[in-house]
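Student: Here is how the chains run, residue by residue.
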Amino acid sequence: MRFQFEPRTTGGLHVIAEIPSVSPCLIEGRNGIGKTVAVRLLELIAGHQPFTERQWHSLRGRLGNTVVRADGLRDGQTFEFTFTPEKWSTNEGAPLGLGEWLGRVTIDGADATVEEAQELLWVERFAGNEDLDLTLRRRTEIYAENAHRTSRAVTGAVERVTTLLGPLRDELSPVDPVEFTATKGQLGGAEATEEAAREALAERIRKHEQVLSAIDARDRLRAAEDPHDGLQQRRHELAKRLAEISQDRDHLAKRIEKTSDSLKRQGDPQAALGEAQRILRYRRKRQRNIDSDIERLRGVLDIDADLELIAEEEAKAQKALLELEDRQRAINAGGMTVQLIDTVAGVLGGPGAAGLDEQALLRFPERVVTIAEARDGMMRQREQLHHEPKPDDLESLTRDASKLQRRVAMLADLAARIQETAKQQERIDEAEKDVTSAEEAVERAGQRDEAYRADNQQLGALEEEIDTVTGELTDIHGQLGLEGGKSPDDARSDLDSMLTALEVEESSELDALERGLRQELDDGRVAVQRAADHVAALRRSVMVMNASVDAAMSMIESDERFAWLHDVVTHEANSADAFTRLHGAVMGILDELEEARNLVEVVGTLAGGALQTQPMVPDVQLNQAVRAVLAEELRQGLDTPQIRKWLFGGAHVETIDLAERELVLVRDGASSAPRAFDTFSTGEQAFAFTQARILELEPSSRPNRLLVLDEFGAFVAADRMPDLAAFLRSAEVAPIADQVLVILPLQLDYEAELDNTTGQLRQRFEARAEALRDHDYYAEQLEA
Amino acid sequence: MPEESAHAVTLRLLDALGQVIADERRESLIAHRERVERLIEVHDDESARKAAQELLRDALSV
Numbered sequence: 055m056r057f058q059f060e061p062r063t064t065g066g067l068h069v070i071a072e073i074p075s076v077s078p079c080l081i082e083g084r085n086g087i088g089k090t091v092a093v094r095l096l097e098l099i100a101g102h103q104p105f106t107e108r109q110w111h112s113l114r115g116r117l118g119n120t121v122v123r124a125d126g127l128r129d130g131q132t133f134e135f136t137f138t139p140e141k142w143s144t145n146e147g148a149p150l151g152l153g154e155w156l157g158r159v160t161i162d163g164a165d166a167t168v169e170e171a172q173e174l175l176w177v178e179r180f181a182g183n184e185d186l187d188l189t190l191r192r193r194t195e196i197y198a199e200n201a202h203r204t205s206r207a208v209t210g211a212v213e214r215v216t217t218l219l220g221p222l223r224d225e226l227s228p229v230d231p232v233e234f235t236a237t238k239g240q241l242g243g244a245e246a247t248e249e250a251a252r253e254a255l256a257e258r259i260r261k262h263e264q265v266l267s268a269i270d271a272r273d274r275l276r277a278a279e280d281p282h283d284g285l286q287q288r289r290h291e292l293a294k295r296l297a298e299i300s301q302d303r304d305h306l307a308k309r310i311e312k313t314s315d316s317l318k319r320q321g322d323p324q325a326a327l328g329e330a331q332r333i334l335r336y337r338r339k340r341q342r343n344i345d346s347d348i349e350r351l352r353g354v355l356d357i358d359a360d361l362e363l364i365a366e367e368e369a370k371a372q373k374a375l376l377e378l379e380d381r382q383r384a385i386n387a388g389g390m391t392v393q394l395i396d397t398v399a400g401v402l403g404g405p406g407a408a409g410l411d412e413q414a415l416l417r418f419p420e421r422v423v424t425i426a427e428a429r430d431g432m433m434r435q436r437e438q439l440h441h442e443p444k445p446d447d448l449e450s451l452t453r454d455a456s457k458l459q460r461r462v463a464m465l466a467d468l469a470a471r472i473q474e475t476a477k478q479q480e481r482i483d484e485a486e487k488d489v490t491s492a493e494e495a496v497e498r499a500g501q502r503d504e505a506y507r508a509d510n511q512q513l514g515a516l517e518e519e520i521d522t523v524t525g526e527l528t529d530i531h532g533q534l535g536l537e538g539g540k541s542p543d544d545a546r547s548d549l550d551s552m553l554t555a556l557e558v559e560e561s562s563e564l565d566a567l568e569r570g571l572r573q574e575l576d577d578g579r580v581a582v583q584r585a586a587d588h589v590a591a592l593r594r595s596v597m598v599m600n601a602s603v604d605a606a607m608s609m610i611e612s613d614e615r616f617a618w619l620h621d622v623v624t625h626e627a628n629s630a631d632a633f634t635r636l637h638g639a640v641m642g643i644l645d646e647l648e649e650a651r652n653l654v655e656v657v658g659t660l661a662g663g664a665l666q667t668q669p670m671v672p673d674v675q676l677n678q679a680v681r682a683v684l685a686e687e688l689r690q691g692l693d694t695p696q697i698r699k700w701l702f703g704g705a706h707v708e709t710i711d712l713a714e715r716e717l718v719l720v721r722d723g724a725s726s727a728p729r730a731f732d733t734f735s736t737g738e739q740a741f742a743f744t745q746a747r748i749l750e751l752e753p754s755s756r757p758n759r760l761l762v763l764d765e766f767g768a769f770v771a772a773d774r775m776p777d778l779a780a781f782l783r784s785a786e787v788a789p790i791a792d793q794v795l796v797i798l799p800l801q802l803d804y805e806a807e808l809d810n811t812t813g814q815l816r817q818r819f820e821a822r823a824e825a826l827r828d829h830d831y832y833a834e835q836l837e838a
Numbered sequence: 026m027p028e029e030s031a032h033a034v035t036l037r038l039l040d041a042l043g044q045v046i047a048d049e050r051r052e053s054l055i056a057h058r059e060r061v062e063r064l065i066e067v068h069d070d071e072s073a074r075k076a077a078q079e080l081l082r083d084a085l086s087v
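Residue numbers (the working numbering), protein chains in the order written: chain A, 55 to 838; chain B, 26 to 87.
Rather than coming from a laboratory, the hints here were simulated on the basis of the structure.
Incorrect hints may appear among the rest.
[As the list claims (entries may be wrong)] Here are some, though not all, of the chain A residues that point toward chain B, as calculated from beta-carbon distances under 7 Å:
id, residue
1, Leu150
2, Arg203
3, Thr204
4, Arg214
5, Leu219
6, Tyr336
7, Ala639
8, Leu653
9, Gln675
10, Ala679
11, Ala682
12, Val683
13, Leu802
[Stated by the list, open to error] Derived list of chain A stretches under chain B, where covered just means 3 residues or more per stretch with a C-beta under 8 Å from a C-beta of chain B:
id, region
14, 189 to 202
15, 416 to 423
16, 817 to 829
Every value quoted in this text rests on a predicted model; they were computed, and no experiment measured them.
Ideal Cβ positions, reconstructed from N, Cα and C, are used throughout, including at glycine.
Given these sequences and hints, build the entire structure.
Tutor: Spelled out as structure tokens, the structure:
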């Protein structure tokens, strides 16, 4: 194989003119003339990219359309390869693979592809100055370089995927689901707090009313007990008289009852008379109770006992009650309207309405209302409703409604009592007739008991007097201000019950209690207002977030930018749940992609620094893991038959410690002491190591195989060139390479040595000196 | 050493790391290795779209 190079380079880049068709071939020349560059270009043509990123950028800028021609290939083939660096990407680092952009190709004069050229050629280059230590370093660098290449590929991929997911993240970002959920939770809590505050206020109001009632009862009682009032004297007289006649009546009633029982035992007429009289007394008692109720209710209601008047008053009270209930409903509607405004105004002020202020929202025959106008109008109405009703108004309404309800109930009760009293009178009339009939029957039977009859007449008279006195007393109590005409004793008893319910021992404590409760009411109203304001603020926040969520999900479902998502994100009825899931997924993916990218980058860094004593990154655990993995990889790479034979005297490699740069060998089951890498770095060992690595090469199936040993000056200096030449000509190397090239830096000043040489050596030196004068290098058969 | 592509070497390295890394980090490292393998298949807009769809589908199915 012969390779000719036609450089079109710039910037001081040089390439030697030719690699002759000689094997093994020795090329010796000055540094910087392009010996190695020529081999690297052949590696590129063979499909292997050997350059680091920095070297690649330098090559792209200086190579130009350099041409490589090959002839003497198997089956007489030829090719011509023209590099086209103008087509090489400037955006990426050293490429992972090589493509048709690399250059233009003809094979046997016909246009061909870069790939076809690759199939013609196999090139393997060994650096002869690589001992074990350098080899391990180079191999860790290869791992690092691979990881960096993958890192760049992953970085590019993450950028592409982020370009897709980024706009999605931007749409989802205005609302944080965690904050959204927390705010909804806070709203629930605030609503409960508001409800509790309102209940506490209602309870204070109720207690305050009880205290006010007790104070009112106490004051009435005090007024009723005022000794200077002339009514008191009459009340005491009547009460005394009532007690006397009540006592007389009880005695008389017992006597009558006793006589009645005796008469019953005497026979039917007497028994019938006793029973008739008992019924009459019962019905009269019942009538007195009804009359007493009517009088009490009439006093409380301040109305005459007239059914028509009562019906009119009941109708008026019902109407007033309905009006109050309408007013209460209006107040409640105001609160609901505030909530509705919060909802709608939240949407109109949210991101979904951004930039739409001047758009028409409502259209009437005369005019349209824009979104901004509607929102402003709503906020003004909300502000108005916010201050209505006053808490006092609401409480007053509730109290008035309660009073009216009680009044309506009492009016109905009064009407029922008046209707009942007429019926009761009819029953009394019937009972009186029965008594008269029974008396006549007794008369006829000759069983008349005058004493018994007189007792009955006296009892009737006493009961009539009791009715009269009781009625007058009720009137006096009413005039004294006791509610419902109650007696002072009853009023006192009622007041005691109130004090007990209020857990107050003395009525004198009521005033202080009332003042305290009034203060508590003020505090309670403030607490309710504060809680309500908090609820309203949170409700607005939730509404705005809801609107943002709806807007985001709507945008994602309809915007063309997210069309690629539609197969993945299906529509869900609950957009908040869908939003939360999508938000979590997108943010999670972006974080994970970044972490994956970082991992590859860090692993590359750690691989590159595996031979360093100190970790390259703070993640000690990962650093140790990378070292352990690389050590095992390198151990397997070294523990091959050839290397064991040539370098380790047949021993196996047991372990490698990269940090300590040591390895342990094992022979016949016995481990050696750890040995430093550099103990295998004598020239002889480096040569042995190179031989082992060459022999490990898998023979390529490509038709034209070039093996290059570069940087082999150390062997020449040690006078090992004959050994090398013998090895390269050996039967073991023949299956691996069709042609072998050994490259050396300039070893001698051949011109100067001419005077010191004779014979064949002088002739050889003269030829070399001449070639060096012409080309800065010479090429010749490597002699054993 | 047999010739391997850069990505294959890196993935092999990550696989090996998954074997030796501490238990608490293993699951995360294996998951990242799967992501890396998926990402190195991304080379243009279409493959990026496909990868994004798969990543989202996986994330939403959890």
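Student: Run every hint past the structure and note whether it holds.
Tutor: Evaluation of the provided hints:
| no. | hint | result |
| --- | --- | --- |
| 1 | Leu150 | holds, 6 Å |
| 2 | Arg203 | holds, 4 Å |
| 3 | Thr204 | holds, 4 Å |
| 4 | Arg214 | holds, 4 Å |
| 5 | Leu219 | holds, 6 Å |
| 6 | Tyr336 | violated, 85 Å |
| 7 | Ala639 | holds, 4 Å |
| 8 | Leu653 | holds, 5 Å |
| 9 | Gln675 | holds, 6 Å |
| 10 | Ala679 | holds, 5 Å |
| 11 | Ala682 | holds, 5 Å |
| 12 | Val683 | holds, 4 Å |
| 13 | Leu802 | violated, 36 Å |
| 14 | 189 to 202 | holds (count 6) |
| 15 | 416 to 423 | violated (count 0) |
| 16 | 817 to 829 | violated (count 0) |
Checked against the numbered hints given earlier, the structure breaks hints 6, 13, 15, 16 and satisfies all the rest.
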